[in-house]
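Could you slot chain B onto chain A? The hints should help.
Residues per chain, in single letters:
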Amino acid sequence: MRGFLLLLLTLMAMQPGLVTGFAWAVDPGERLADPALEARARALSQDLRCLVCRNENIDESDAPLAHDIRVLLRERLKAGDSDAQVLNYMRARYGDYVLLKPPVEWSTWGLWFGPPALLLIAGAAILWTSRRRPAAPKPLAPEEQARLDALLERRDG
Amino acid sequence: MFRLKLIYLLPLVALVGLLGVLGLGLGHDPSALPSAMIDKPAPSFDLPPLLAAKPGLKTADLKGHPVLVNFFASWCLPCREEAATLAGFAASGAVPIYGIDYKDKPEAAKSFLEQSGDPFQRVGIDTGRTFIDFGAYGVPETYIIDASGHIRYRFAGPLTPDALRDQILPRLAALKAGK
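One line per chain: the protein sequences are A and B, in this order. Just so we're aligned: the first sequence equals residues 1 to 157 in the working numbering. Just so we're aligned: the second sequence equals residues 1 to 179 in the working numbering.
Derived by calculation from the structure, the hints in this document are not laboratory data. Check the hints yourself; a few may be wrong.
[Stated by the list, open to error] Here are the in silico distance ranges between beta carbons for each label pair:
(1) B/L19 x A/V52: 26 to 36 Å
(2) B/G27 x A/L119: 26 to 36 Å
(3) B/A108 x A/L37: 17 to 27 Å
(4) B/D166 x A/I126: 43 to 53 Å
(5) A/S107 x B/P41: 17 to 27 Å
(6) B/S44 x A/L100: 23 to 33 Å
(7) A/P102 x B/G23: 21 to 31 Å
(8) B/A108 x A/V52: 14 to 24 Å
(9) A/L111 x B/G20: 16 to 26 Å
Owing to the predicted nature of the structure, the values given are computational and were not obtained by experimental measurement. Glycine included, every Cβ here is placed at the ideal spot set by N, Cα and C.
Here chain A stands alone, though its shape is the one from the complex (with noise of 0.2 Å):
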């Protein structure tokens, strides 16, 4: 159980914004000085995968391929690149692959609607099973409590 909860600490520390004053790989020379265009470069660089660790964003991976990508985004946003030119100009080199955040297209539909859709389907299949519940049972015809009252009343008596 402690090791669980160290676990868990430990995955929440990584998570960027949970914990302030977190150590990025982004090292000061990388750093653009216009604040709003290196935004704009810390914000692209989290949704860009590094194709070196894979389940890490290049913000945070300190290999050399994500730095050298860090670079370059940088500088195509100096040249005057839009955000979706920059994150364009990755995804024909690397693919969508390169995206943390898969873009919706037809082949990804069953990714996005997936799992919304199975559970509308089975929020209907719950709704109709318990709809199909037998109804109550008839009241006794009269001659069928005369006997019950019969019955009951041996019984007791």
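Here is chain B on its own, set in the frame of chain A:
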């Protein structure tokens, strides 16, 4: 009654389907990334030569005949692994092999090529930008470029004799046959 039985078969059918999908996944290597550059023109680059005796490499060098382009580095162990395969293939003289030395110290790269039997006709020095323009993510990587300068295939990782025979040679033969 019959309808009820079919419903009970559904989980079994779903299970078999799922096992089928998972079974297909077993033959798939998740660490190998598909290249987004396939069938696109090779990026534009002009790399300075590593060796005094051999020219560097630029985009225009890739046109006119199919070639192999190999990203390597002296610090990369798998590159040492594939060196013998590459040297053997270079000796066969089938197609020119051009090297791109990635993020390397020139002296280290020179002695690496001396030791491993330099398979390259041209070797350019890349500080990292051409690597990204090729959509490469590791060394070694080997690209097949066709006569029109388009990237046709990428092999990531060390070329083994089997990979050369099964992946590279058939594609080169197809390119030479005109498709």
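How the hints compare with the structure:
In this structure the supplied range 26 to 36 Å holds for B/L19 paired with A/V52, their Cβ-Cβ distance being about 33 Å. A hinted range of 26 to 36 Å holds for the C-beta pair B/G27 and A/L119, which are about 32 Å apart. Between B/A108 and A/L37 the beta carbons are some 36 Å apart, a value that contradicts the proposed interval 17 to 27 Å. Between B/D166 and A/I126 the CB atoms are about 51 Å apart, so this pair conforms to the stated range of 43 to 53 Å.
Checked against the given bound of 17 to 27 Å, the beta carbons of A/S107 and B/P41, roughly 24 Å apart, stay inside it. Between B/S44 and A/L100 the C-beta distance comes to about 28 Å, which sits within the given range of 23 to 33 Å. In this structure the supplied range 21 to 31 Å holds for A/P102 paired with B/G23, their Cβ-Cβ distance being about 25 Å. Remark: the range hint 14 to 24 Å for B/A108 to A/V52 is upheld by a beta-carbon distance near 21 Å.
Restraint check, A/L111 to B/G20: a C-beta distance of roughly 20 Å satisfies the suggested window 16 to 26 Å.
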